[in-house]
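Read the sequence shown against the numbering used here and you will find it ends at 198, with the numbers running on by one and no gaps.
Any given hint might turn out to be false.
What the hints assert, rightly or not - Below, simulated DSSO-like cross-link-like pairs (lysine-lysine); rule was C-alpha separation at most 30 angstroms, straight line: (1) K134 / K145; (2) K165 / K134; (3) K128 / K169; (4) K165 / K139; (5) K134 / K160; (6) K145 / K173; (7) K128 / K152; (8) K172 / K128; (9) K145 / K169; (10) K169 / K158; (11) K145 / K160; (12) K172 / K152; (13) K139 / K169; (14) K128 / K145; (15) K169 / K152; (16) K158 / K139; (17) K128 / K158; (18) K152 / K139; (19) K173 / K152; (20) K172 / K134; (21) K134 / K152; (22) K134 / K158; (23) K173 / K160; (24) K145 / K165; (25) K128 / K139.
The hints are simulated quantities; they were obtained by calculation from the structure and are not laboratory data.
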Amino acid sequence: MELSVINIGNSKGIRLSKTILEKYSISDKIELILEKSYIILKPKSEPRKGWEKAFKKMHENGDDQLLINDVFVDENFDEWSK
117 MELSVINIGN SKGIRLSKTI LEKYSISDKI ELILEKSYII LKPKSEPRKG
167 WEKAFKKMHE NGDDQLLIND VFVDENFDEW SK
């Protein structure tokens with residue numbers, strides 16, 4: 117695919133079509149990777165985005181309770197004290 121380099125103020129840039137933005141889930145940021153003689157544009161992922169809000173809602177709904185005990189009756193802590 118060929119793209120034109122355009123003027124953006126004192127800099128230059130490229131425009132990505134809506135189709136490309138949607139196909140690769142590009143919203144606000146991309147990662148620029150320089151490798152040998154290549155420039156790679158990679159969607160910037162934020163895998164934990166929105167977790168804080170989701171956890172707060174879980175707490176408000178009482179959904180943040182342990183499903184299993186965090187300490188088992190047969191657990192041996194002696195092996196960790198060395």
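**Request:** Run the structure past the numbered hints and jot down the numbers of the failing ones, going up.
**Result:** 3, 8, 12, 15, 19 and 20
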